Each structure stands twice: as structure tokens, then as C-alpha cells.
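Student: As given, the protein sequences belong to chains A and B, one line each in that order. With the first letter of the first sequence counted as 1, position 89 gets the number 89 in our numbering; the numbers rise by one all the way through. The number in our numbering is simply the position in the second sequence, starting from 1, with 1000 added.
Keep in mind the hints are simulated off the structure, nothing from the lab. Model, not experiment: these values are computed from the prediction. Certain hints may be false.
What the hints assert, rightly or not - FRET-style restraints, in silico, Cβ to Cβ:
| hint | chain 1 | residue 1 | chain 2 | residue 2 | range |
| --- | --- | --- | --- | --- | --- |
| 1 | B | Gly1148 | A | Arg90 | 23 to 29 Å |
| 2 | B | Gln1218 | A | Tyr124 | 23 to 29 Å |
| 3 | A | Tyr101 | B | Gln1041 | 31 to 37 Å |
| 4 | B | Arg1166 | A | Gly76 | 31 to 37 Å |
Claimed, not checked - Here are some chain B residues pointing at chain A (derived, C-beta under 8 Å):
| hint | residue |
| --- | --- |
| 5 | Gly1043 |
| 6 | Glu1045 |
| 7 | Lys1096 |
| 8 | Val1150 |
| 9 | Gly1167 |
| 10 | Ile1170 |
| 11 | Asn1181 |
| 12 | Gly1190 |
| 13 | Leu1191 |
| 14 | Asn1237 |
| 15 | Asn1239 |
| 16 | Ile1241 |
Yeah, the Cβ is synthetic: ideal placement off N, Cα and C, and Gly gets one too.
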Amino acid sequence: MSVDEAYRAMLILADGEDTAQDFEERKSKLESRGIARSAWQLQSDNVVDAGSVAYMVCRICDIDGGVNMQLFGRAGLGDRRYALRELIYREMIDDAVDYQYMTGAGLFALLRKADALMEKKGLYTPTGIDLSDETDRDPQGNLIVPPPASGGAAAPDSADQGLGGGVPATQPAG
Amino acid sequence: MMNYHKRFHARMLFALATMAFPAMASAQDIAATTAPASQPQPGDENLVYEIAEVAGIVKVASIGMDPIKDAAAWRQVVPGESLGRGQQIRTTFRSKLKLVARPADPPTVILLENSSRMTIEDLAIRNGAAVSRLGLGYGAIRAGVAEGGVRSDMQIATPRAVLSKRGTDIFRVEYMNGRFNMSLSEQGRGLLQAIQLQLSNRGDVIGMKSRFVTPGQQVTHRMAQAIESMTFDRDININDIFGLVGNDKLFTMLNDRGFGFLLPFNGASNNIFNGQGITQGEDGVAPFNNGLFNTQSQGVRSITDGNFGVGQGSLPNLFDIFRNRDTQPAGSKKSMNEAMRSIFKPKARPRLNIGRVRR
């Protein structure tokens, strides 16, 4: 993963979308919000390291970390290393060192867990859709099945008809 | 030719493992989940997933469509829409999708979590069972299937493992970056069968490990490794049972043997097994001496002078050297050498009549 791709992923994680046009705009956005640091001097085509990604994820997910991260990390001393250690402790990322390069699959796995953590912490409006013992069982412990939705489209009978079936989308729901 | 043999052996191993464990999913079932999409069979009744709730960007396309190359083939889903066999669904950040099976017998609810991609390989009511074969490329699926008039036959396949439901609600399977996690909720009913595929470097199935997951449990990608190391999981008593006395013996007995229930309680002279009574031992602790386990009769020695090493017994031969030296007359070195030879005389080696024999 390049730094540009990682910056784009961080903006999507933080805001749900990336409206920036180029790398410089993304960089200025992230640095102005304190998500990335200019002291890193990362270039667009550099391979992004796990420590930088971990630091940005910690800032987006509002993860304070431990004493070392608070004392030294805020001042820039071992900031990325302590951020990575924090994410390893939270089992959001595999055990790694901060200078290790970040793969696309590893970054996506991290962002997925970060997104779930953000919803849990209420950093964005929750979707309100759940399937758990607390929300989807009646007092007897039986599974609650939602009632049929009205106005449903005809069911496709085969794979060939699958694409054509259904109601065309007008706008994203939710 | 070599590759053909390797594949043949892998398939044979897979087939033998399936025969050995009837409860496991069949090879055909697993193959069906990894196939692009199964074709409808004669006699199949219609079964679809109806979209109950949608949040965020959730798109659907037919199986085989790439999200980037075939972006035009993907469209946003809306509540009430029905999805069937041969379709794939993907969710992005901050998005979820809840599906409900129609007809709702057995009642089935599926939740596709954020940043996930799921394929519907097979979906039909076939031979009196609601057959559903789902594939999870990445992300997580939660599902619940309640009891109904129709039997449910659901499997969710990931690239590294297969989840087979055994009358279960509510369970969750997650797959991401080569790792999977399968869990059953605390109030879940029934079992999950987690089947971890062991793949070669080329992706061929060379074996598999399977375990059942009960409510409140979870398994991860380390399952196969744990099963293999279970062979060596044995309790080994590291205590010196011959050299222990007093409280040490009591502690070992209570914590390592499970014999604590045999102890006399409250200072009584007789225990439940009608032992011989208490005699005051060292440190004020009664020795373990009752009708069933009489340590004295079993020859366990109590070393009262402390713990000398491993406690496997004394070294009589070494002490015999000095005893013999002391008992010999002064100046008799020859007798000393004879004593040494008698002590360390080589043992006769058994003749096995194998190999060359020097005559």
C-alpha cells in the first residue's frame, strides 16, 4: 500500500467518503485534523508502514492508549510505535513492528475492525441494525423474525434472472 | 503427472476423512460452496432472501462480477427486494444488511456486517429441507435459524473454513485476511460445526480438522493447530511424590490427585472410606492413611531429613564404596579395586543374533 492509498482509506474511515482530489489535499486534511503528522515527511508513492497507519487509526477511533502513548506519543517520541502496540493489544492488527510495510489485506482488516469500533463508541450515527441475543429474542428466548416487507419485488428463479430481478435503486437506504 | 498424483491423494484424503466422520459435511457440499453457483435441480421449490433492513451502501450483482471492473453491474439494494441463487452482495463501511428467508419456514435471519462480501451459491427447498450455501469472501455474517416445519441445511464457506449449522441460532462467522472466527451466542441453541480446511501452497485441500462449537464458545484459525497439539496435552506430575512430607504431601494430594474428598474432615478419626484413623504426622498434619490408599502398604517412604534432589532413591553403590573401604584392612588396595569392580561390573548384554558375531 502506498501512502496516498492509505491516506485515502483514512479519510473514508473518518468521514465515510473521500472528497479530496489529490494527495496534497488529502495530506493537508489529515494533518490539519491531527490524524497525520507532517514530521513523518511521507511521500505519495512511499510504501506506508504499519506504525503510521496505526497512529492514524488511533486518532480517528479516539483511542487514547496507555501512559507511554500519552506521555511520549503525544510529543512525537515513539508515537507510531506506541500506537501500533495499542492496536496489537486490542487485537485489531496482527503482531508487527512499526516499520513493517502494510499490505492491502492487512489494512482492510484493520479498517473493518476500526469501523466496528467507531460504531460501538458512537463516533458516527449507528446503523441500528443488529442481530444478537439482546435485540432479537422474545422473552421465551425464541428468535424474532421480521415481518414480510410490503412491496417486495419478485424473486429471481435462477442466476440468469438474478440481476434483472428486484427493484432498481433510487438512493441508498438508511 | 506428479501434480495429478498429489491432487488425487488430496481428494482421497478428503474423502476418507469425510467417511470417517459422518457428521461432517460431505465433499460435495463443500465443493458446492466453492463452485461459482449451483444450478437449480428438478423439484426445487422457491426460496429467497428478502431484504428486511438496509443501512449505508449495500450493492448486489451476479456472481462473477468484479466490484471495480464491472462497477456498472452493481446496484444498490432496497428493502423488500428479494435475492436468490447466483447473486453476491457487498457492504462498505458504515453499512449493514439484514435478510429474511421467504417462505419463513424455518425462520431464518441473516445479518451481513460492514465491509463484507457474501455470495449465494445455492438457495432452494430441496427434498424437504431449506438448503442454503453461502460464501463469505471477507467480512462477517451473523445468522439465526429457528426451528420450523422444514429442516434447515445451511453452510457458510470461507476460503479457509466451512461453518455447518446444526440446529443453531444465533451464530457468527468472520473471515478476514486468512483468519476466521466462528462463534455461537450465549443463548444460542444447538451446535456449530467448524471445519477448517488445510490447504497446500497451491490451494489444494490436503486435509481438514473439525470441531463442534457450543453456545458461548468460539473457534479461530488456530483450531487445527490446537487439535494437532492436543495429542501431547497430558498431565505430568512434576512433584516428587517420594520425597514429600507433611504439608507438601497434603498440598500435592489436594491439588494434583483429586483425592481431597478422602481426607478426614473436622478432625474426625474415621473418613468416609472407614480408614484406620488419624495419627499425628509431621507439621501437625495427618498423613494420608486410610482404607483405600494406605501409603505405608504401598511402600512410599517418608524422608524425614528433607528433600534430597529428585528423590528417586539413594545411591547405595556409591555409599558401598566407602563402606567397603572402611571395612577393609589397612593397606589392602587390591581389595579396594576388587570392591570397585564388583560394584561397577558391566552388565551382560543380551545377544540378539543380529549382524556380525565375533567368534
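Student: Return the status of the interface hint for B/Asn1181: holds when the least beta-carbon distance to chain A is below 8 Å, violated otherwise.
Tutor: Since the shortest Cβ distance to chain A is 10 Å, the answer is violated.
Student: Hint B/Val1150 vs chain A: min CB-CB distance below 8 Å?
Tutor: With Cβ-Cβ at 14 Å, over 8 Å, it is violated.
Student: Could you check if B/Asn1239 really has its C-beta closer than 8 Å to a C-beta on chain A?
Tutor: Violated, about 35 Å.
Student: May I ask you to test the interface hint for B/Lys1096 with respect to chain A, counting a Cβ-Cβ separation under 8 Å as satisfied?
Tutor: holds, 4 Å
Student: Range first: 31 to 37 Å. Now tell me if the beta carbons of B/Arg1166 and A/Gly76 are that far apart.
Tutor: violated, 54 Å
Student: Have a go at the B/Leu1191 hint: is there a Cβ in chain A nearer than 8 Å to its own Cβ?
Tutor: violated, 16 Å
Student: Given B/Gly1043 was flagged as interface, is its beta-carbon under 8 Å from a beta-carbon of chain A?
Tutor: violated, 14 Å
Student: Less than 8 Å between beta-carbons is the criterion; does B/Gly1167 satisfy it with respect to chain A?
Tutor: Status violated, d = 12 Å.
Student: Taking the least C-beta to C-beta distance, is B/Asn1237 closer than 8 Å to chain A?
Tutor: The hint is violated - B/Asn1237 has no Cβ within 8 Å of chain A, the shortest such distance being about 34 Å.
Student: Grab the minimum C-beta distance from B/Gly1190 to chain A and call the hint holds if it beats 8 Å, violated otherwise.
Tutor: violated, 12 Å
Student: Given the hint of 23 to 29 Å, is the C-beta distance from B/Gly1148 to A/Arg90 inside that range or not?
Tutor: violated, 40 Å
Student: Holds or violated: B/Ile1170 as interface residue toward chain A, Cβ cutoff 8 Å?
Tutor: holds, 6 Å
Figure legend: structure checked against the earlier numbered hints; hints not met, in rising order: 1, 3, 4, 5, 6, 8, 9, 11, 12, 13, 14, 15, 16.
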